[in-house]
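Colleague: Residues per chain are reported as follows:
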Amino acid sequence: MSRQDPGQAQGPDPGMDQDTEQKGFRLLGILDVQSVPCARESVLYGAGGGLALGLLHFLSTSRVRRSYDVGFAGFFITTLGSWFYCRLNSAKLRAQERVFKQGVRNKVLYQGTSIDPTTEPTQRSPPSAS
Amino acid sequence: MAHPAQLGFQDAASPVMEELLHFHDHALMIVFLISTLVLYIIVAMVTTKLTNMFILDSQEIEIIWTILPAIILILIALPSLRILYLMDEINNPHLTVKAIGHQWYWSYEYTDYQEIAFDSYMVPTQDLSPGQFRLLEVDHRMVLPTEAPIRVLVTAEDVLHSWAVPALGVKMDAVPGRLNQTAFIASRPGVFYGQCSEICGANHSFMPIVVEAVPLKHFQDWSTLMLEDASL
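Heads up: the sequence lines are chains A and B, in that order. For what it's worth, our numbering labels the leading residue of the first sequence as 1, then goes sequentially. For what it's worth, our numbering labels the leading residue of the second sequence as 1, then goes sequentially.
Hints may be right or wrong, so weigh each one.
[What the hints assert, rightly or not] Some but not every residue of chain B turned toward chain A, in silico, with C-beta under 7 angstroms:
#, residue
1, ASP25
2, MET29
3, PHE32
4, SER35
5, TYR40
6, ILE199
[Stated by the list, open to error] Here are the in silico distance ranges between beta carbons for each label pair:
#, chain 1, residue 1, chain 2, residue 2, range
7, A, LYS92, B, VAL46, 16 to 22 angstroms
8, B, LYS98, A, LYS101, 29 to 35 angstroms
9, A, ILE30, B, LEU78, 19 to 25 angstroms
10, A, GLY112, B, THR96, 31 to 37 angstroms
11, A, ILE30, B, SER80, 14 to 20 angstroms
12, A, SER35, B, ARG188, 17 to 23 angstroms
13, B, VAL46, A, ILE77, 23 to 29 angstroms
14, A, ILE115, B, PRO215, 20 to 26 angstroms
15, A, PRO37, B, ALA117, 20 to 26 angstroms
16, B, TYR113, A, LYS101, 46 to 52 angstroms
17, A, ASP116, B, LEU232, 39 to 45 angstroms
18, A, GLU97, B, ILE41, 28 to 34 angstroms
19, B, ASN91, A, PRO37, 22 to 28 angstroms
To be clear, the hints were calculated from the coordinates, so they are not data collected in a lab. Note that beta-carbon positions come from the ideal geometry of N, C-alpha and C, so glycine has one too.
Same shape as in the complex, but just chain A (with noise of 0.2 angstroms):
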């Protein structure tokens, strides 16, 4: 082991980010919809969904402004519906993650041992006496 102290070691390199932060589109300066997991996906689908009721309600009416409101209340439950929707399922997958982790770390540390998770356990005979 070289006396080098390991609390020296260099740090990452910071140029590497900055190019995918720049390349973030936020929707009103706020919402970075490429970096926020689901973001893109909830504010397509109610953008889709607003759209597709407000466009339904006028050629149901013929109501301008009316439609308008309609949309945009389409667009606000649907965007706020896929949004919970999408982040319960990843933490659904996170916690699964997590669980399935620790398995394989179970599985590597313990395996060959009498602990090893993944053996069946086998049922000892009593020892004859002699």
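Keeping the supplied structure of chain A fixed, place chain B upon it in accordance with the hints.
Modeller: Just chain B now, kept in the frame of chain A:
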């Protein structure tokens, strides 16, 4: 570490920080939707031809704009409180480190097994090597093992300081005469930077914190080296 002109959070290096990032995304989406709603209402109010000079009240809309914000606040509060209680859990730490704030440097003590203690001063700008970060590098980093719960006891020798590492989602005030406890798990190896977060005098901006998370084997080698250096 943060790159120049960065606005958002740094990448998470601990499970708590990951949860904080997810909560931030959740709150930001709600903020975005509310902003869109307000913008739409403003445009609708400005462009409408309808006027009513004799309106006194409207029970329906008042019910809506009371109930809806209450629901939104509950949607924000529930995950927030969950993370708040998650941050207070201390689950059998494998290692305890003491971080002591001084004017103007940090000192660290690892006293679980044998005594390892060292000071951590900022590297002056003129002494930096190429590739090192100005006002962030230190001469002795706080080295910790990855994937292990770590407890940090934070205190100060003189005035108020604050031990903060954004990538780990940790900030704890260093109060003279008081021991504050925080805990975290470094999920991945790396070098994580922080700065003193409580005004403490002339060189408050020049006492950074650097945590180097390494695999356990390397942490053992480092602690062996430190003990050998201390005995010389």
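Colleague: Decide, hint by hint, whether the structure agrees.
Modeller: Hint-by-hint comparison with the structure:
1. Look at B/ASP25: its Cβ gets to within about 5 angstroms of chain A, closer than 7 angstroms, so that hint holds up.
2. Satisfaction of the interface hint for B/MET29 is found here, the shortest Cβ-Cβ separation to chain A being roughly 5 angstroms, below the 7 angstroms cut-off.
3. Interface restraint check: B/PHE32 against chain A, minimum CB-CB distance 4 angstroms, threshold 7 angstroms, status holds.
4. The beta carbon of B/SER35 is positioned within 7 angstroms of a beta carbon in chain A (closest approach about 6 angstroms), and the interface hint is therefore held.
5. Among the interface hints, the one on B/TYR40 holds; its C-beta lies about 5 angstroms from the nearest C-beta in chain A, closer than the 7 angstroms criterion.
6. Of the supplied interface hints, the one on B/ILE199 is violated, with its beta-carbon coming no nearer than about 26 angstroms to a beta-carbon of chain A, more than 7 angstroms.
7. For A/LYS92 and B/VAL46, the hinted distance range of 16 to 22 angstroms is not satisfied, since their beta carbons lie about 44 angstroms from each other.
8. Here the CB-CB span from B/LYS98 to A/LYS101 is close to 31 angstroms, well matched to the stated 29 to 35 angstroms.
9. A hinted range of 19 to 25 angstroms for the beta carbons of A/ILE30 and B/LEU78 is consistent with their spacing of about 22 angstroms.
10. Range check, A/GLY112 to B/THR96: about 32 angstroms between beta-carbon atoms, so the 31 to 37 angstroms window is met.
11. Under the hint 14 to 20 angstroms, the C-beta atoms of A/ILE30 and B/SER80, about 19 angstroms apart, fit the expected range.
12. Between A/SER35 and B/ARG188 the C-beta distance comes to about 18 angstroms, which sits within the given range of 17 to 23 angstroms.
13. Hint check: B/VAL46 to A/ILE77, Cβ distance near 24 angstroms, so the stated range 23 to 29 angstroms holds.
14. Restraint check, A/ILE115 to B/PRO215: a C-beta distance of roughly 23 angstroms satisfies the suggested window 20 to 26 angstroms.
15. Distance hint check for A/PRO37 and B/ALA117: the Cβ-Cβ separation is about 42 angstroms, which falls outside the suggested range of 20 to 26 angstroms.
16. Distance hint check for B/TYR113 and A/LYS101: the Cβ-Cβ separation is about 28 angstroms, which falls outside the suggested range of 46 to 52 angstroms.
17. Taking 39 to 45 angstroms as the suggested C-beta distance range, the pair A/ASP116 and B/LEU232 conforms, at roughly 44 angstroms.
18. The beta-carbon spacing between A/GLU97 and B/ILE41, approximately 41 angstroms, falls outside the hinted interval of 28 to 34 angstroms.
19. Here the CB-CB span from B/ASN91 to A/PRO37 is close to 27 angstroms, well matched to the stated 22 to 28 angstroms.
Violation of the numbered hints given earlier is confined to hints 6, 7, 15, 16 and 18; the remaining hints are satisfied by the structure.
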